[in-house]
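S.K.: With chain A fixed as given, assemble chain U onto it according to the hints.
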Amino acid sequence: MSEVLLGIHHVGKVYPRIGRHGAGVAALARLLLARPATDGFVALADIDFTVRRGESLALVGENGAGKSTLLKIIAGVLQPTTGRADRVGSVGALLELGAGFHPEYTGRENLKLAAALQGLTGAAFDARLDEIIAFADIGEHIDAPIKTYSSGMVVRLGFALVTALKPDLLITDEVLAVGDESFQNKCIAWMERYLADGGTLLLVSHSLYHVKKLTQRAVWLDHGRMRMIGASHEVAIAYQAFHEAKQADAKADAAAVDSAALGQYAVTDLSIERCDADGLSLHGSLKSRDGRRPHVALGVVRIDGTPVYGTTSEIDGAALNETAAGSFEFALTFSDWRLLPGAYRLRAHALDPEGMRVYDTVERDFTVIGDSRELGLVRLPHRWN
Amino acid sequence: MNPLFRALVERELKNRFLGGVLSPVWWLAQPLLTLGVYALVFGLFMRSPVPAKYGDSFVAYLAVGLWPWLAFAESVTRSATALIAQSALITKTALPRAWVPLSVVLVTFALNWLALTVIVLLFKLLGLSVHLSGILLSLPVWFALGLTAIGLAWIVSTAQILVRDIEGMLGPLFMLLSFVCGIQYGLDSIPSAWRDAVLANPFTHAIARLHDTYLAGAGPALADAWLLAGGALVALLGYAFFRCVAPHVDDYL
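Line order of the protein sequences matches chains A and U.
Add 641 to the 1-based position in the first sequence for the numbering used here, that's all there is to it.
Add 151 to the 1-based position in the second sequence for the numbering used here, that's all there is to it.
Isolated chain A, as found in the complex (with noise of 0.2 angstroms):
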């Protein structure tokens, strides 16, 4: 087993509460006396993982999850409250858009010193300067002053200088969101080059894309804790469903309507039995008062509420078992599977023996598991010619 470049220790960060008045001075005395921040707010708690060399991890989690916080601590900017961030190796980090850079300085004049954070000096400098240039491919501005260039042209110079750098430990925060598709490329081409030849990449980014080609593990940071840590499509797939389940419930607050108060059909039971890479079988319950036969829609759609497939009974021309008065029940076996892995929703509705009015909705929430880079909700057969 190759060894532990990052080590997280359980660490923590409280950031102390300023702004109130006297606070300065108090928290300049705590600090003499060496004393801990009692109160404040707590950007990290318990996160505790290790990374070896030649492994690729992600770190997901929504803006103010505590992302860049914990990056800072593995670079060495930033002190934990507690626990503590062991590194062995060199350590690259891109922190930040343009972090280090001087607005004033010309584009050369700032790698010089962006150079020398990262422990490249002297010759060594010199050797690579013409490189690192190429590579950031910014033309005649880099002497031109930073103040002067768009934010994609500062995140090529600074992505530049990793490249020259290999370093043990190649840290992102986002920089990738920042420029042009075909810089983009060029950054992941090179990142993929970079983690063949073995080296070691922690990432933070919004893009599950991303988090997917470029990294094996990822951490899903939720509130400063770990909600999940495992194989990166994994963590990807359920922090996906996250948010799908989180801008569904959005919409579904807002249009709530509650169609089992119409009362007169109503599903009493929805059970998933089996749900694999082949398929999903279902059964489940309706009851009617007035004692017709009821018909049964059942949907499936995408955690967010994206439509994927629907049918009815009456479309099928199926009919319900009766089981008892007023009670009946329906089976049903999707083959064939062919959904991408994700989270879905099953939805049955009842309906009226017409098959024309929704009377009620019940919901049950699934998982395709799997590990395909495709895209979209459903893999289309597909031959290359």
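Everything labelled a hint here was simulated from the structure, so no lab data went into it.
Virtual Cβ for every residue (Gly too), placed ideally from N, Cα, C.
Mixed in with the good hints there might be a few duds.
[Said to hold, decoys possible] Have a look at the derived ranges for each label pair, beta carbon to beta carbon:
#, chain 1, residue 1, chain 2, residue 2, range
1, A, A764, U, L328, 43 to 49 angstroms
2, U, A348, A, V666, 27 to 33 angstroms
3, A, R676, U, E161, 35 to 41 angstroms
4, A, G730, U, G370, 50 to 56 angstroms
5, A, P677, U, M320, 45 to 51 angstroms
M.R.: For chain U alone, coordinates are given in the frame of chain A:
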């Protein structure tokens, strides 16, 4: 010199010369203007006497005390906001934070030492009573002031982040200190009731040693060792303060 520290010093040096039309000469022009104002007020209007052992040039007497004092006061005052000014750098990169105020002090002292050296050479050419040996013999005093400035710079640069009033207090404090350490007038001009208080100020002895070396051609003295020891003590205390506070200033920047 560590390449990163050298790069930081180069950047600090360049910062002094960026922007304004007069920036390239400001390092010499500003103390010269201060010298001119003091010479006018204390030399011409108030006719402050120059102690006999230091010759008869009030301008030379003023200059050799003023430049090192300005180096000291300016470096500490500039350092007060150095970490705040470089917050983008220190909160995003693993830059050794102690180097930021250190580079400010180093550059300020180097520029002022160079400026005074140029002035002393000019005085010599003009026939004023200065000793060129003072350029080297005064170095222990410059180092002592530099060490004191570094210690204070480490303290104020971090404390300023938490207590933003500090920089505002430094100006009046240094002005008061400059008037009670014998820069603008000899100690003989101070009423005897206050003389002991002025002599209790260590800066008084530093300025006296600068007068001794530049104007009287005096060699090394035990006072230099005391001044260096005092400077080293302040530097150590300042560094201890910095180590307690600096790693946590991100929370307040």
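S.K.: Decide, hint by hint, whether the structure agrees.
M.R.: Checked hints:
1. Evaluation of the 43 to 49 angstroms hint for A764(A) and L328(U) yields a pass: the beta carbon distance comes to about 46 angstroms.
2. Between A348(U) and V666(A) the beta carbons are some 29 angstroms apart, a value that agrees with the proposed interval 27 to 33 angstroms.
3. Distance hint for R676(A) and E161(U): a CB-CB separation of about 39 angstroms, consistent with the stated range 35 to 41 angstroms.
4. At roughly 53 angstroms, the beta carbons of G730(A) and G370(U) sit within the given window of 50 to 56 angstroms.
5. Roughly 29 angstroms separates the CB atoms of P677(A) and M320(U), a value that falls outside the hinted 45 to 51 angstroms.
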